[in-house]
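S.K.: Spelled out from the first residue to the last, the chains are:
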Amino acid sequence: MMKNVRLRLSLTVLVIGLAVWAFYPPSQKINLGLDLKGGVHLVLRVQTDDALRSETAITAERVRDTLTRNAVSFTKLDVTGPDEFRIEGVTDDAALRDATADAESTFNRDSRGGVHTFKIKPNIANQLRDEAVTQALQTIERRVNELGVAEPIVARYSGRDQILVQLPGVSDVQRAKQVIRATAQLQFRLVDNPTPFPTREEALRAFNNVLPTDVEILPGRLEGSGTAGTAGTVYYAVKKTSVVTGSELRSAQQGLDQFNRPAVMFTLKQDAAQRFGNFTQSNIGKPLGVILDNRVMSVATIQDRITDNGQINGISREEMQDLVITLKSGALPASLTYEEERTVGPSLGAESIRAGVIASLGGLAMVVLFMLVYYKLTGLNAVISIVVNLVILLGFMAYLGATMTLPGIAGFILTIGMGVDSNVLIFERIKEELRTAKGARAAVNAGFDRVWWTIVDTHVSSLIAAAFLFQFGTGPIRGFATTLTIGLISNVFTAVFVSRTVFELVLSRRRQLQTISI
Amino acid sequence: MKIFDNANYNFLKWRWYAIAASLVVILAGVGVLVTKGLPLGIDFSGGAAFIIQGAGEGDIRRALDAIPGDKVIQQYDDPSKGQILVRLPGAETGSTLETQAQAIEKALTAAGLKTTIINRELVSAVIGADLQKRGIYATLASILAITIYIAVRFRPSFAIGAIAATLHDVFVTLAFLMFFGYDLSLNVVAALLTITGYSVNDTIVIFDRVRENLRSMRRQPLEEVVNLSVNQTLSRTIITAGTTFLSVLSLYLFGGEALRGFAFTMLVGIVSGTYSTIFIASAIAIILSQGRRRSGAAVEPAPNAQDKGRKPRRAKAS
Chain A
1 MMKNVRLRLS
11 LTVLVIGLAV
21 WAFYPPSQKI
31 NLGLDLKGGV
41 HLVLRVQTDD
51 ALRSETAITA
61 ERVRDTLTRN
71 AVSFTKLDVT
81 GPDEFRIEGV
91 TDDAALRDAT
101 ADAESTFNRD
111 SRGGVHTFKI
121 KPNIANQLRD
131 EAVTQALQTI
141 ERRVNELGVA
151 EPIVARYSGR
161 DQILVQLPGV
171 SDVQRAKQVI
181 RATAQLQFRL
191 VDNPTPFPTR
201 EEALRAFNNV
211 LPTDVEILPG
221 RLEGSGTAGT
231 AGTVYYAVKK
241 TSVVTGSELR
251 SAQQGLDQFN
261 RPAVMFTLKQ
271 DAAQRFGNFT
281 QSNIGKPLGV
291 ILDNRVMSVA
301 TIQDRITDNG
311 QINGISREEM
321 QDLVITLKSG
331 ALPASLTYEE
341 ERTVGPSLGA
351 ESIRAGVIAS
361 LGGLAMVVLF
371 MLVYYKLTGL
381 NAVISIVVNL
391 VILLGFMAYL
401 GATMTLPGIA
411 GFILTIGMGV
421 DSNVLIFERI
431 KEELRTAKGA
441 RAAVNAGFDR
451 VWWTIVDTHV
461 SSLIAAAFLF
471 QFGTGPIRGF
481 ATTLTIGLIS
491 NVFTAVFVSR
501 TVFELVLSRR
511 RQLQTISI
Chain B
519 MKIFDNANYN
529 FLKWRWYAIA
539 ASLVVILAGV
549 GVLVTKGLPL
559 GIDFSGGAAF
569 IIQGAGEGDI
579 RRALDAIPGD
589 KVIQQYDDPS
599 KGQILVRLPG
609 AETGSTLETQ
619 AQAIEKALTA
629 AGLKTTIINR
639 ELVSAVIGAD
649 LQKRGIYATL
659 ASILAITIYI
669 AVRFRPSFAI
679 GAIAATLHDV
689 FVTLAFLMFF
699 GYDLSLNVVA
709 ALLTITGYSV
719 NDTIVIFDRV
729 RENLRSMRRQ
739 PLEEVVNLSV
749 NQTLSRTIIT
759 AGTTFLSVLS
769 LYLFGGEALR
779 GFAFTMLVGI
789 VSGTYSTIFI
799 ASAIAIILSQ
809 GRRRSGAAVE
819 PAPNAQDKGR
829 KPRRAKAS
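Quick note, the sequences are listed as chains A and B, same order. Numbering of the first sequence is given in my numbering, commencing with residue 1 and proceeding in unit increments. Numbering of the second sequence is given in my numbering, commencing with residue 519 and proceeding in unit increments.
Incorrect hints may appear among the rest.
As the list claims (entries may be wrong) - Only pairs whose alpha carbons sit at most 20 Å apart, straight line, appear in this in silico SDA-like list of lysine to any residue: (1) K624(B) - R605(B); (2) K599(B) - D172(A); (3) K624(B) - D172(A).
Calculated directly from the structure, the hints in this document are not laboratory data.
Isolated chain A, as found in the complex (with noise of 0.2 Å):
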């Protein structure tokens, strides 16, 4: 009997152990959720329809040329919507399928009336959007960790088209949120009017307020102003079409202009540089424009051919670097729209950490209070049982990299007062098995033969209940379903095992006690 104490003790004693040096310092082994840390939780949704619209747009841009080469004649060719676009008046419909084949691989053709409408094939759109999501989670994994914040987490989110996006710590949160957002969308597109126009309006009359199909008018900042889209913002005539897109770029470093001021310096990948040397030398003497997300960054007159360097300037120190950030990581396909945001600064997260561990204690020290004086000796016993089942708990969080979130406090406060729960069913049996008068030995026995199965029962019940509070929750809640369950789980072991092996040792000491302080 002595022997089989000795064992359980030992193992008892092995695992307060084994859990104390995985949870052991704390303050570096538990990791603290976001709501405790502080930081920034976002979920973004990345507008799938811009990518569906660029490969409408692109398409009909690619249909448009084949007529034109092979000299199909049509009055009409318009992008109607982001998956699809129209062509009229077309006399030759053999012609036309014959040019418009390359197309259909991708688009549904549906003619009636001499209209043809094409539109993207629904399970392509399907894919472009899901690559779309897949390409945005890539590129923001990217730029969040170009910014250097420490253990961010980049996800899918519930949707098809969300992204979780938690960035502990992180203190200037508007410029994060525009770093991961910015579109990245850099162009080079000849421009029409060297000198800006003021407003809109003044550039659309310079065209007597009909722009050509290729022409379209964009912001863009004037020299050594702020931000275009605010104050100095003037408008420019810009060609629709760009020579070479962000995506052919090589590298993208900070740098100086001539002016000594903050620059972009980039360099182009192998045949974007061709193209580009082809484009700027039968160009030469016209302005060009770098456009940014369809603003205009700068416009320069190409004085010479231009291989593969290029500048972006015009712009402060801080827009710089951010831009660096971005150009490196790529562009995004897609828009994307800030869902939901949460912002927890540091010292709400400190003071949310002391006023949890305050009511810890509080609840901590109401409980042992009572169980002491409840059930005297014996009660002495839960407390153990419930100091080791914390310690336990802390050590598996420890252990398995659980988070440590706001509600998580509460799980432990809950574990504290749920968990002796358990010490309460078996002490009552006792009790009540210690007025049969078979003795304390075949009191305690009982005690814990009988409620074996309703404390199996009671745990599983809860763990079903945590589970569905795991999977229906984010950071925070999924942080209280974690502790719950590890605090439950490890109450089994502490209320029956450990508990146990305290009685043992009590009794082993006395073996004729007839009664017990309970």
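Based on the hints, put chain B in the right spot on chain A.
M.R.: Showing chain B alone in chain A's frame:
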């Protein structure tokens, strides 16, 4: 020390009153629900919430006067901390929210207030609706899974009794949340889910005892066995409720504003859970079992043939 030494109360005698009392509370809750609507927090309705430090409530109210929408501006947490909560109603899209948030920050700076925003939450209606769906799904699925577990481990009528008690607790707790003007937030729903687990826990303890007693008390009517079991486990029910209540009370008092809704929900749920365990769960299990027992249907363990002739309905328990 013993609170209920040889407890012997005829709880089942009061079952109809208990059911009536619970219905009154739940109906009152439904009444508030119909007149005021479900008080959804921004987690579910969408919207923006800011906790601002560094200026008084009046100053902030004046600064934000020009911003349209049904703003809520109030003291957050303990007044000594000087934190003000500003809430704006939901917007359909994330970008509208973003604009709203920026408008608030601009207005505060324009008014010359040196404030810091220590907490900022923006939730678009899309996310809110999604969370609503998931919250309802999780609650129902969890209740269903527990029902199946009890039906397998005990018997179907017990499962229905336990689940009636659990639903009772969810509804009573919701009613109290509405009486006291708490918003439904993620944390509150987490507390509600915890309550479902806790409430079933309590019930299982009694049912386990019923199952055990049924083995040794084959001749007694079910009603008597159940009542005895409720009495035998009464100390445990009260003590566990007591310790859990004490620890959650500590959370309510010291845990800070962020967890107050959670703690309140748990407090009400614990009281309701204990009440429903004693009065509702077993009553419903018996009401549902009675027909079967009288008709002699085989229930586990099989009733004695002599039981058939007895009138179980009015059997005296004490």
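S.K.: Look at each hint and say if it fits the structure.
M.R.: Do the hints match the structure? See the list:
1. Restraint check for K624(B) and R605(B): the C-alpha separation of about 16 Å stays at or below 20 Å, so the hint holds.
2. Between the alpha carbons of K599(B) and D172(A) the distance comes to roughly 24 Å, so the proposed pair goes past 20 Å and is violated.
3. Between K624(B) and D172(A) the alpha-carbon distance is near 17 Å, which keeps this suggested pair within the 20 Å criterion.
When each numbered hint is compared with the structure, a violation occurs for hint 2 only.
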